[in-house]
Amino acid sequence: MKMKAIVTVTLKPSILDPQGEAVAHALQNMGVKGVQSVRIGKHIELEIEGGDEKALRSKLEEISKELLSNPVMENSHLDLRAGG
Amino acid sequence: MRFAVIQFPGSNCDQDCVHALQVLGQEARLVWHQETMIDPEEGVILPGGFSYGDYLRCGAIARFSPIMPAVKAAAERGQVVVGICNGFQILCEAGLLPGALTRNEGLHFRCEKAYLRVETPASRFTSHYVTGETLTIPIAHGEGCYRASPEILQELEAQQRVLFRYCNAEGQVVPEANPNGSSHNIAGICNAQRNVLGMMPHPERCCEVEMGGTDGRGILFGAAGIGRKI
Chain A
916 MKMKAIVTVT LKPSILDPQG EAVAHALQNM GVKGVQSVRI GKHIELEIEG
966 GDEKALRSKL EEISKELLSN PVMENSHLDL RAGG
Chain B
223 MRFAVIQFPG SNCDQDCVHA LQVLGQEARL VWHQETMIDP EEGVILPGGF
273 SYGDYLRCGA IARFSPIMPA VKAAAERGQV VVGICNGFQI LCEAGLLPGA
323 LTRNEGLHFR CEKAYLRVET PASRFTSHYV TGETLTIPIA HGEGCYRASP
373 EILQELEAQQ RVLFRYCNAE GQVVPEANPN GSSHNIAGIC NAQRNVLGMM
423 PHPERCCEVE MGGTDGRGIL FGAAGIGRKI
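Quick mapping for you: the protein sequence lines, in order, are chains A and B. Start counting at 1 in the first sequence, then tack on 915, and there's your number in this note's numbering. Start counting at 1 in the second sequence, then tack on 222, and there's your number in this note's numbering.
Treat the hints with caution; some may be incorrect.
Stated by the list, open to error - Straight-line Cα separation of at most 30 Å, DSSO-like style, residue types lysine-lysine; simulated pairs:
#  : chain 1 : residue 1 : chain 2 : residue 2
1  : A       : K957      : A       : K974
2  : A       : K948      : A       : K969
3  : B       : K294      : A       : K974
4  : B       : K294      : A       : K927
5  : A       : K919      : A       : K957
6  : A       : K980      : A       : K927
7  : B       : K294      : A       : K957
8  : A       : K957      : A       : K917
9  : A       : K957      : A       : K969
10 : A       : K948      : A       : K980
11 : A       : K980      : B       : K335
12 : A       : K974      : A       : K927
Stated by the list, open to error - Quick list of the computed label-pair ranges, beta carbon to beta carbon:
#  : chain 1 : residue 1 : chain 2 : residue 2 : range
13 : A       : R954      : B       : S371      : 33 to 41 Å
14 : B       : Q376      : A       : K980      : 35 to 43 Å
15 : B       : N390      : A       : Q934      : 23 to 31 Å
16 : B       : E430      : A       : N990      : 42 to 50 Å
17 : A       : S973      : B       : A295      : 24 to 32 Å
18 : A       : G949      : B       : T258      : 34 to 42 Å
19 : B       : Q244      : A       : M945      : 48 to 56 Å
Bear in mind the hints are in silico, worked out from the structure with no lab data behind them. Just so it is clear, CB atoms sit at the ideal spot from N, CA and C, and this is done for glycine as well.
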């Protein structure tokens, strides 16, 4: 069964995001009002020929923390769904 | 002493490290990241550059290179391991040093000479210097902002594992002298066993008068186990 995993990686709230700040500043220069803050993260899509969903989920959680994110400074969120 | 300088795809300070070590009378060999062996009496250098194009995160992919288990084993055996710039990022990703290096606070890639304050001579890497000595060593990085949890920072300080801090020309550790926003102005740290050094500045770029300075010599001599010449 084909599965799609979407891993979203974001900087922890305590970690300063200078990229986000630069974008927030640019929005201000564009005249956009009311933007309180901008945080930039990563959106990673994996297409997987999956078997047991539970095993797949735990493997994906593992690689999210091992490789796709660095838990020292980032959080990761896994969204696993059917389909390619 | 002989050093293994690890070459990852995208390393670009590997030849500089070999050259600097040879200028200082040491032996150095290049070791491709696909290799899996490091001799038990060698020192290891993880050089600067952009391993794997800095994809995903700096050092994140290099960490899984075939040579890395051997680097880890060497570190655990007490062999000298030095990570410079991208090498420091790889050591943090690999868990051989705590913390992480994130995007410079000012977003700029900083390529310039930096002043470093030597925090303690109590490591082989700093044994040539005295506490408070100011070194001038080049930096060249976009992601050198050192971050760690408050507990880790406290541990690093308590164990005198912060070896170098960014300072001004007068040797004062002040926020204005911090080129990247690193916590506690940290420029270089070592592990608890004090045989693994990670630093963002490039000592290999200042080992010859012709290169504009020789302040990096002591660090590499120290790594090679050569004591201070008085």
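So, going through the hints one by one against the coordinates:
Proposed proximity of A:K957 and A:K974 is supported: the alpha carbons are some 19 Å apart, at most 30 Å. Restraint check: the Cα-Cα separation between A:K948 and A:K969 comes to about 44 Å, which exceeds 30 Å; the hinted pair is violated. The suggested pairing of B:K294 with A:K974 holds, with an alpha-carbon distance near 24 Å, which does not exceed 30 Å. Restraint check: the Cα-Cα separation between B:K294 and A:K927 comes to about 28 Å, which is no more than 30 Å; the hinted pair holds.
Of the pairs offered as hints, the one joining A:K919 and A:K957 holds, with about 16 Å between alpha carbons and a cut-off of 30 Å not exceeded. A distance of roughly 13 Å separates the Cα atoms of A:K980 and A:K927; the hinted pair therefore holds under the 30 Å criterion. Between the alpha carbons of B:K294 and A:K957 the distance comes to roughly 29 Å, so the proposed pair stays at or under 30 Å and holds. For the proposed pair A:K957 and A:K917, the alpha carbon gap of about 23 Å is at most 30 Å, so the pair holds.
With a C-alpha separation of about 24 Å, the suggested pair A:K957 and A:K969 falls inside the 30 Å cut-off, and the hint holds. Only pairs whose Cα atoms come within 30 Å are accepted, and A:K948 paired with A:K980 is rejected, the gap being roughly 36 Å. Our distance criterion of 30 Å between C-alpha atoms is broken by A:K980 and B:K335, whose separation comes to about 36 Å. The suggested pairing of A:K974 with A:K927 holds, with an alpha-carbon distance near 22 Å, which does not exceed 30 Å.
Distance hint for A:R954 and B:S371: a CB-CB separation of about 20 Å, inconsistent with the stated range 33 to 41 Å. Checked against the hint of 35 to 43 Å, the C-beta distance between B:Q376 and A:K980 comes to roughly 24 Å, which is inconsistent with it. For the pair B:N390 and A:Q934, the beta carbons lie near 27 Å from each other, so the given range of 23 to 31 Å is met. A hinted range of 42 to 50 Å holds for the C-beta pair B:E430 and A:N990, which are about 45 Å apart.
Against the hinted window of 24 to 32 Å, the Cβ-Cβ separation of A:S973 and B:A295 comes to about 28 Å, which satisfies the hint. Between A:G949 and B:T258 the beta carbons are some 56 Å apart, a value that contradicts the proposed interval 34 to 42 Å. For the pair B:Q244 and A:M945, the beta carbons lie near 54 Å from each other, so the given range of 48 to 56 Å is met.
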